[in-house]
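Going down the list, the sequences are from chains A and B.
The numbering of the first sequence is our numbering, which starts it at 4 and goes up by one.
The numbering of the second sequence is our numbering, which starts it at 4 and goes up by one.
Bear in mind the hints are in silico, worked out from the structure with no lab data behind them.
Identical chains blur together in the list; that is why a pair holds if it fits in one copy or across any two.
With a straight-line cut-off of 20 Å between C-alpha atoms, the simulated SDA-like cross-links for lysine to any residue are:
hint, residue 1, residue 2
1, Lys391, His412
2, Lys23, Ser113
3, Lys23, Leu35
4, Lys23, Met55
5, Lys23, Glu110
6, Lys23, Asn106
Protein chains: 2
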Amino acid sequence: MAQSSTEEASAYDQLLTKYKRIANVENAGGILSWDQQVMMPDAGTPARSQQMSALSALSHDLLTDDEFGELLEAAEADDPTDEQADVLRELRRDYERAVRVPNDLVEQISAAASEAIPAWKEAKANDDFETFAPHLEKHVELKRQYAEHIDPDRDPYEVLFEDYEPCLPLEQAEEILDEVREVLVEMIADIRESDVELAVDAFDGEFPADEQEELVRDALSTLGYPWERGRLDTAPHPFSSGTQFDARVTTRYDESDPLGSLFSTIHEFGHALYTLGLPDEHYATPLGEDRNLSVHESQSRLWENHVGRSRTFWQHFLPTFTEHFSDVDATVEEAYEAANQVYEDNLIRVEADELTYHLHIVIRFELERALISGDLAVEDVPEAWNDKYEEYLGIRPETDSEGCLQDIHWAYGNFGYFPTYSLGSIMSAQLFAAAEDDIENLDEKLSNGEFADLREWLRENVHQHGRRYETNDLVKRATGADFAADDFLDYVESKYTALYDL
Amino acid sequence: MAQSSTEEASAYDQLLTKYKRIANVENAGGILSWDQQVMMPDAGTPARSQQMSALSALSHDLLTDDEFGELLEAAEADDPTDEQADVLRELRRDYERAVRVPNDLVEQISAAASEAIPAWKEAKANDDFETFAPHLEKHVELKRQYAEHIDPDRDPYEVLFEDYEPCLPLEQAEEILDEVREVLVEMIADIRESDVELAVDAFDGEFPADEQEELVRDALSTLGYPWERGRLDTAPHPFSSGTQFDARVTTRYDESDPLGSLFSTIHEFGHALYTLGLPDEHYATPLGEDRNLSVHESQSRLWENHVGRSRTFWQHFLPTFTEHFSDVDATVEEAYEAANQVYEDNLIRVEADELTYHLHIVIRFELERALISGDLAVEDVPEAWNDKYEEYLGIRPETDSEGCLQDIHWAYGNFGYFPTYSLGSIMSAQLFAAAEDDIENLDEKLSNGEFADLREWLRENVHQHGRRYETNDLVKRATGADFAADDFLDYVESKYTALYDL
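Just chain A, with the same shape it has in the complex (with noise of 0.2 Å):
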């Protein structure tokens, strides 16, 4: 496959050149979006909007463009390498994806969010999911013809996860869900009962803004992010974006509450790790880019609940906590108990502890399959989502706005997302088990605050593969085990039995 400079280059390679410099306007789309987030002025939106937009339609005529699909088919004739082979399948399905999808409909889904979006921030704001019914009918609507230019013989949920999870079968998802959920369920409900009183008034108090910020500044450099390829900023709601040249991470401050700014930008550092392992020398191209958003979140929880919320995280990190906030007087273990509270009244996904949570995610998965298949009508949505959640977590909202009115997802159309964050959350028990097995101490090395065997060991399993391996792959190659739900599960039982003398 060598070519002297006078050959014409081949197939693959032009095809490369081609997908790189989508990758390159969808990166400079991300700079665009971090912006806007971070330190954009507010005038600046409808400028910013534009920008985005075309940015967007150029790397979609990109992808669809003939030229890019008849090389793509020439490339995989041209006998490629085992490793050509993994990236044409990616760019394979980069690509039927978006050729099937008339612009028109693409089209429409967008005007469809830009009007759904300012009514569902007013029906939730006004507790009247009235105003966003006929948005949400809509955008079903559109997202079923969606999956049916992908696929007509598919049911339209499976093609719409797969927008988000696009190499881990559905059906696996599910049974890795459920039994989650069965579990949980019944934790819960024992929690509920139980009588053991967690010390959860240790961090109580005032903490400061700018105090909190040089507190997780050296939360990021005690567990290794190189700030020479990024930086911390504030954001409304905390995200991490970049790549490996240059992954940032972001956070917000609530004077009360120092472990959420704390835990949140643990969180967006395990994100930022995984973009920065990504290979530099594949920068660009699908060997330089995260797996999925499944595969993304298992690191981001890995380091939150695995590390940040572990007894050796805090052995190491109750020093430097109290260096910046002396008032606080709590012992390794009150601190390891306020970090791991159960709150079993909550009705909002985004304030859920590290158990509930999935039970937030269960609810949306099992209703938004059932809006796309037509099991669920639109205007039965609030009622569902209340019998859910009484069922599940044994509370009522009172309210739609803090219940199926709560999060932005459906606003944007998105159906089939909500399931990858607990997908992430569950892989990451499983990675961290497989870590545990193969680093000698593992658990020692946390509590003196050495990360790096951590951080070298995802960066060799996970990392540094970018998108060359499917997530069951990825994931039986980093633990041995196709991807499933029981070393979550034990992890949960062994920790909240023990914390709650279930």
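Use these hints to put chain B onto chain A, whose structure you have.
Frame of chain A, contents of chain B only:
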């Protein structure tokens, strides 16, 4: 020309839609560039370079697309309105310049710059012109080819000048610069002989950077910078960038020179105010874009020199200054003198005052013209440079680092850019004189810190027109006369005769 929604859009409307996409891609590139200079961590360069290249290649592809040319021709033939004809004139010029230059040559020039910039840095650091000479030679050769593709029948320098100054005849620019040179050479020689000692130490001392930042924020607010459409940050080389919805300024702080950051900020304010005065409704079309570099510079220099360095400004602003820096004990007259001292022994353009600045520019202008025409060989640049400094400014550089290697522009292959700096300053005098005629008691207003009338005059006479009028037309509509040096020469003669008792 009205059209119903069922009719196909007119050629003009289709063309404008295409142009908007190009403009949005370029504006996205502007955000990436701002981010790179202000926010990006160092290690981000490799990815950022690829993102920027992808965007410029795309915008070039979109502009040189056959369909763009066809729509342009159809729109021109379709009985355009006056406004449409103005837009089409601008699009035709952009299109012709882009389409005549082969992609291959564009890439060669870009590659030559990538090699020349580090070579220039090395040459400047080591005072070694030989290191840079072959790169300069290469740029001269490529830029001659570039000009020949655009128009083989004209002076290639004239063609290159039009990259920065598309609609001001070079002959007129040359006359203006010649006239200015003649007067200034003599005036600076007289100042050198003058016995007057200005209050040059009025702002001696230590001025902490954070307090300087507070000061320049106050200055921006005083002048009327709309913070909801912009922001202030620090950058190694101050600049401003953005759109009418979001025009940002940057500055830098030298703790021994508070006037440096102040005037640099006021300068960038002038640029930003121009951008902000472009009409919102014409965003991403020629009527919503700046005329060109010299008009842009006329706006920055007007605020920097005619406002910021005026007695009236200091009457208003000195109390604010001393609120921030109470050690400064200068009178308004002393502040005015310190802000207007002539550095007759300074060799460095970017450190020059309002008078000597133009001789620095004229020297570069004369040399680059001779380089492109072939009258000056690259190897003879250092001596020619030093001779001209001696002739015009009465000083001779001892090294090439502080001589012909001081500026980066030629390393980028930019020939024809330098004169726009002086042309803008000279234009600012003509505009300010017209504003003084039109606005009742302007001086009194400025001394009271009332800047609204001046801002409004500029918006109405310059900013709101975008690229609708060509340069002379714009200046004539604003001032009643073609662009000329008269007002500038009146201004400097009256100001500096008084200051130095000439």
